[in-house]
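There are 2 protein chains.
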Amino acid sequence: MSNDSKSIKVFAPATVANVVCGFDVLGFAVNTPGDEVIARFTDKKNVTLKAIHGDEGVLPLDPEKNTVSAVVINYLKRIGEENRGVEIELFKKMPVGSGMGSSAASTVAGLFAINTLYENRLDYKDLLLLAMEGERLACGQGHADNVSPAMLGGFVLIRSHHPLDVIKLSVPKQLVCSLIHPHIEVQTREARKIIRKQIPLKDAVVQWGNIAGFISGLYREDYDLIGRSMQDIIIEPVRSILIPDFYSLKQKALDSGAIGFGISGSGPAVFALSRDEQTAKKITKVIQQHFQSQDIDSDSYVSLINEEGPKVI
Amino acid sequence: MSNDSKSIKVFAPATVANVVCGFDVLGFAVNTPGDEVIARFTDKKNVTLKAIHGDEGVLPLDPEKNTVSAVVINYLKRIGEENRGVEIELFKKMPVGSGMGSSAASTVAGLFAINTLYENRLDYKDLLLLAMEGERLACGQGHADNVSPAMLGGFVLIRSHHPLDVIKLSVPKQLVCSLIHPHIEVQTREARKIIRKQIPLKDAVVQWGNIAGFISGLYREDYDLIGRSMQDIIIEPVRSILIPDFYSLKQKALDSGAIGFGISGSGPAVFALSRDEQTAKKITKVIQQHFQSQDIDSDSYVSLINEEGPKVI
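Those sequence lines, one after another, are chains A and B. Remember, our numbering sits 8 above the position in the first sequence when you count from 1. Remember, our numbering sits 8 above the position in the second sequence when you count from 1.
Check each hint, because a few of them may be wrong.
Copies of the same chain look alike in the list, so a pair counts if it works inside one copy or between any two.
In the EDC-like style, the derived pairs of lysine to aspartate or glutamate whose C-alpha atoms are separated by at most 20 Å in a straight line are [stated by the list, open to error]:
1. 176 / 230
2. 133 / 232
3. 100 / 211
4. 14 / 232
5. 205 / 141
6. 176 / 131
7. 176 / 229
8. 133 / 230
9. 210 / 173
10. 73 / 284
11. 293 / 97
12. 133 / 173
13. 85 / 263
14. 260 / 303
15. 101 / 64
16. 319 / 64
17. 85 / 95
18. 58 / 285
19. 181 / 230
20. 53 / 232
21. 205 / 90
22. 290 / 305
What the hints contain is simulated information worked out from the structure, not anything from laboratory work. All of these numbers come straight from a predicted model, not from anything done at the bench.
Sequences and hints are given; from them, build the entire structure.
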């Protein structure tokens with residue numbers, strides 16, 4: 009084929025899943041951080057992982073086990089090109105196991121890259137199903153709440169997992185996201201285990217009132233409503249135990265002008281939404297200072313909502 | 009006072025609460041049926057209930073016990089006019105205990121009437137709180153999911169009950185509602201009792217995906233999405249036991265072109281949403297025929313979504 013020498017570099021965004029009131033059904037993408045993947049055709053007959061940069065050696069280099077190469081292998085099988093040679097190079101630009109959709113960003117970047125090399129042979133729904141397989145490999149569960157916003161950009165609702173039904177929602181123009189990643193470890197698998205399997209119906213009613221309010225707030229660009237809806241009486245009280253001083257952090261973020269604050273995915277990263285960059289920067293500073301006062305280092309990112317998803321760079 | 013001889017007649021709409029995927033948080037109003045209330049000042053010093061028409065004698069005539077007069081008494085207390093004479097006359101234009109918000113329509117009509125006589129002294133939030141007290145009297149629980157859409161019109165989300173936070177949602181222009189009321193008895197209090205108090209988290213996640221999808225569908229005017237979201241795996245499987253052949257009725261409604269079908273409130277009325285009046289009429293016919301085949305008489309109503317709430321007539 010004529011495109012054997014093609015090489016492509018793709019960026020895919022970090023994502024905030026759950027967004028406080030939308031456990032397992034809601035997520036959004038940010039402009040920064042994000043991962044980058046280079047993919048190129050080779051004259052070999054398999055997928056190779058040339059290198060991983062920036063992961064401090066924690067990710068597997070076996071192409072069958074690393075999610076990026078694994079989803080590319082599955083992509084090739086899916087389109088009947090399993091003997092095609094592809095070389096992958098992954099640039100981790102965000103911490104692994106942070107709760108910011110690290111594996112999803114890598115996976116989506118890899119799939120977007122290979123699909124672009126194949127001139128968009130698969131549509132986004134097929135890519136999402138492949139990306140969810142990658143999540144299963146990385147996290148033990150094939151959830152869609154990081155890969156969907158990483159793939160589509162913006163706020164994404166996963167209305168249904170079986171069958172997969174993802175809805176790209178409206179993005180209020182002023183929203184800015186603060187992401188703060190404390191250097192403590194929370195395993196997604198572990199974080200899921202501590203959640204109760206049975207919940208009171210009356211709590212569920214409160215929760216679906218809030219997710220409904222949040223969605224409505226997005227469409228109306230009603231920032232107060234978005235903020236009032238960012239409450240979670242089911243998951244947050246349990247998961248927040250893993251994040252030192254969580255409720256003090258939350259209060260400080262709200263006092264600094266956040267419209268809402270919560271755990272990003274299953275943590276340990278936390279996030280805030282606010283209405284302008286200055287406020288968002290103030291929030292990250294206050295939260296980082298609080299972590300520092302407990303001898304916890306952290307990284308922070310301030311970003312608009314990413315609306316376009318992955319892109320060739 | 010100069011307005012002692014004033015008399016006013018008000019219409020308030022029937023409502024469909026829950027709307028399949030929004031148990032206790034969602035409802036909408038229809039143009040027909042609805043209740044009517046006449047209110048006039050008298051030179052007495054209390055609230056009197058002159059007559060109730062169309063209730064077949066089932067509603068209490070004691071002004072303290074009938075919800076309409078009871079909420080008017082509370083209204084007068086609220087504004088410090090407890091010694092004012094008011095005469096109420098209620099025209100029930102819909103069946104009692106039907107699941108179509110019968111008590112809410114009467115209550116809202118009464119409150120809107122007295123508030124109009126007092127030149128809108130209270131705002132809609134105060135009126136809603138008074139209306140919820142009326143619901144407590146009628147149903148044993150002070151729910152807002154019928155009184156809110158009856159008061160505001162359109163689709164209404166009750167994001168939170170404590171504190172009360174109601175959001176008027178977008179109304180897709182083509183939506184038509186079919187309401188069919190079979191002549192069987194389901195008591196709201198009883199219907200609530202059979203619902204489990206603990207539910208699986210994974211079912212709750214499915215439910216909040218659906219309510220989020222439904223809200224998104226309203227704003228996008230995406231009728232397919234509205235229809236796909238009208239699923240309830242928590243309440244409907246339990247309550248539907250009280251409605252003979254419920255799942256056959258649902259299948260027939262969908263086969264006749266309904267985008268969604270479910271129990272109105274706690275039943276026994278059922279409702280369908282569709283995209284035009286002809287389809288809505290076809291659905292009511294098919295459902296009524298099925299009830300008839302089981303020797304169950306029924307009433308039916310076809311109506312656009314009521315967008316204005318109560319009005320002086």
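Outcome of the hint check:
{"no.": "1", "hint": "176 / 230", "in the structure": "both (18 Å within a copy, 12 Å between copies)"}
{"no.": "2", "hint": "133 / 232", "in the structure": "between (33 Å within a copy, 17 Å between copies)"}
{"no.": "3", "hint": "100 / 211", "in the structure": "neither (39 Å within a copy, 35 Å between copies)"}
{"no.": "4", "hint": "14 / 232", "in the structure": "neither (48 Å within a copy, 41 Å between copies)"}
{"no.": "5", "hint": "205 / 141", "in the structure": "neither (24 Å within a copy, 35 Å between copies)"}
{"no.": "6", "hint": "176 / 131", "in the structure": "within (15 Å within a copy, 36 Å between copies)"}
{"no.": "7", "hint": "176 / 229", "in the structure": "both (15 Å within a copy, 14 Å between copies)"}
{"no.": "8", "hint": "133 / 230", "in the structure": "between (30 Å within a copy, 19 Å between copies)"}
{"no.": "9", "hint": "210 / 173", "in the structure": "between (27 Å within a copy, 17 Å between copies)"}
{"no.": "10", "hint": "73 / 284", "in the structure": "neither (41 Å within a copy, 53 Å between copies)"}
{"no.": "11", "hint": "293 / 97", "in the structure": "neither (34 Å within a copy, 63 Å between copies)"}
{"no.": "12", "hint": "133 / 173", "in the structure": "within (9 Å within a copy, 36 Å between copies)"}
{"no.": "13", "hint": "85 / 263", "in the structure": "neither (52 Å within a copy, 39 Å between copies)"}
{"no.": "14", "hint": "260 / 303", "in the structure": "within (18 Å within a copy, 64 Å between copies)"}
{"no.": "15", "hint": "101 / 64", "in the structure": "within (11 Å within a copy, 73 Å between copies)"}
{"no.": "16", "hint": "319 / 64", "in the structure": "neither (25 Å within a copy, 68 Å between copies)"}
{"no.": "17", "hint": "85 / 95", "in the structure": "within (16 Å within a copy, 78 Å between copies)"}
{"no.": "18", "hint": "58 / 285", "in the structure": "neither (38 Å within a copy, 62 Å between copies)"}
{"no.": "19", "hint": "181 / 230", "in the structure": "within (11 Å within a copy, 22 Å between copies)"}
{"no.": "20", "hint": "53 / 232", "in the structure": "neither (55 Å within a copy, 44 Å between copies)"}
{"no.": "21", "hint": "205 / 90", "in the structure": "neither (40 Å within a copy, 51 Å between copies)"}
{"no.": "22", "hint": "290 / 305", "in the structure": "within (17 Å within a copy, 66 Å between copies)"}
The structure fails hints 3, 4, 5, 10, 11, 13, 16, 18, 20, 21 (numbered hints given earlier, in ascending order).
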